[in-house]
Amino acid sequence: DQQVKQNSPSLSVQEGRISILNCDYTNSMFDYFLWYKKYPAEGPTFLISISSIKDKNEDGRFTVFLNKSAKHLSLHIVPSQPGDSAVYFCAASWGTSGSRLTFGEGTQLTVNP
Amino acid sequence: NAGVTQTPKFQVLKTGQSMTLQCAQDMNHEYMSWYRQDPGMGLRLIHYSVGAGITDQGEVPNGYNVSRSTTEDFPLRLLSAAPSQTSVYFCASSNPRTNSYEQYFGPGTRLTVT
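Chains as they are written, first to last, in this note's numbering: chain G, 1 to 113; chain F, 1 to 114.
Honestly, the hints are just simulated from the structure, not real lab data. All residues carry an ideal CB built from backbone N, CA and C; glycine is no exception. Wrong hints could be hidden among the right ones.
Claimed, not checked - DEER-style ranges, computed between Cβ atoms:
{"no.": "1", "chain 1": "F", "residue 1": "K9", "chain 2": "G", "residue 2": "A70", "range": "39 to 45 angstroms"}
{"no.": "2", "chain 1": "G", "residue 1": "T96", "chain 2": "F", "residue 2": "S67", "range": "16 to 22 angstroms"}
{"no.": "3", "chain 1": "G", "residue 1": "S28", "chain 2": "F", "residue 2": "T86", "range": "31 to 37 angstroms"}
{"no.": "4", "chain 1": "F", "residue 1": "S18", "chain 2": "G", "residue 2": "Q14", "range": "49 to 55 angstroms"}
{"no.": "5", "chain 1": "F", "residue 1": "T20", "chain 2": "G", "residue 2": "R61", "range": "25 to 31 angstroms"}
{"no.": "6", "chain 1": "G", "residue 1": "N7", "chain 2": "F", "residue 2": "G51", "range": "33 to 39 angstroms"}
{"no.": "7", "chain 1": "F", "residue 1": "T7", "chain 2": "G", "residue 2": "T96", "range": "50 to 56 angstroms"}
{"no.": "8", "chain 1": "G", "residue 1": "E42", "chain 2": "F", "residue 2": "P83", "range": "23 to 29 angstroms"}
{"no.": "9", "chain 1": "F", "residue 1": "S69", "chain 2": "G", "residue 2": "K56", "range": "38 to 44 angstroms"}
{"no.": "10", "chain 1": "G", "residue 1": "R61", "chain 2": "F", "residue 2": "N99", "range": "30 to 36 angstroms"}
{"no.": "11", "chain 1": "G", "residue 1": "A70", "chain 2": "F", "residue 2": "P8", "range": "23 to 29 angstroms"}
Next up, chain G with everything else stripped away, as it sits in the complex (with noise of 0.2 angstroms):
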């Protein structure tokens, strides 16, 4: 079963506005969540994380939003440029001290000039 799922395959915005993707996780143990970002033929960088006793981390202009109860988290790209264009995965590390990451499925978010 998908424990991380991220259901927008796909999100377009305008250059300066803000760019939000979501995720969605089933798993209650899940200890601390991540966002990557990818470039095609590129291995994926890490973007920011939060710890699961958080509810925001902010980081430049990406900020990261937890809701426990919910099981949800988004990721906020403010204000949004062309070189943010690329596939963007939630992730959510489970184990010894981030040893082991089970990603969603990745948005592919276009930022239009």
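For chain G, the structure is supplied; the task is to place chain F on it using the hints.
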């Protein structure tokens, strides 16, 4: 720092052939992992290691073997390749003492089994 390196970048195998995908990291990370990515799916964990000499299975371990004799290297072996193993393979490493649980990924190996 080269980070996480993977070789080869591309490989074509015939069904039944064996091969080893190489992964190395120069960040002195204790943890290393192998994932595969198939179209329309996220990355799925194959095997992982929390230190030299210690390995364990992930979500999709069947058909793959690993060993970890040094901190730097974590090769993935396909003993008898099958078309279902056609995929892009990513190696990752991480330092368990950070507070972000970030894993650093290599550029990937694209494997086709005919």
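Against the structure, the hints come out as follows:
no. : hint                               : in the structure
1   : K9/F to A70/G: 39 to 45 angstroms  : holds (41 angstroms)
2   : T96/G to S67/F: 16 to 22 angstroms : holds (19 angstroms)
3   : S28/G to T86/F: 31 to 37 angstroms : holds (35 angstroms)
4   : S18/F to Q14/G: 49 to 55 angstroms : holds (50 angstroms)
5   : T20/F to R61/G: 25 to 31 angstroms : violated (41 angstroms)
6   : N7/G to G51/F: 33 to 39 angstroms  : holds (37 angstroms)
7   : T7/F to T96/G: 50 to 56 angstroms  : violated (28 angstroms)
8   : E42/G to P83/F: 23 to 29 angstroms : holds (25 angstroms)
9   : S69/F to K56/G: 38 to 44 angstroms : holds (42 angstroms)
10  : R61/G to N99/F: 30 to 36 angstroms : violated (21 angstroms)
11  : A70/G to P8/F: 23 to 29 angstroms  : violated (44 angstroms)
Hints 5, 7, 10 and 11 from the earlier list are contradicted by this structure; the remaining hints agree with it.
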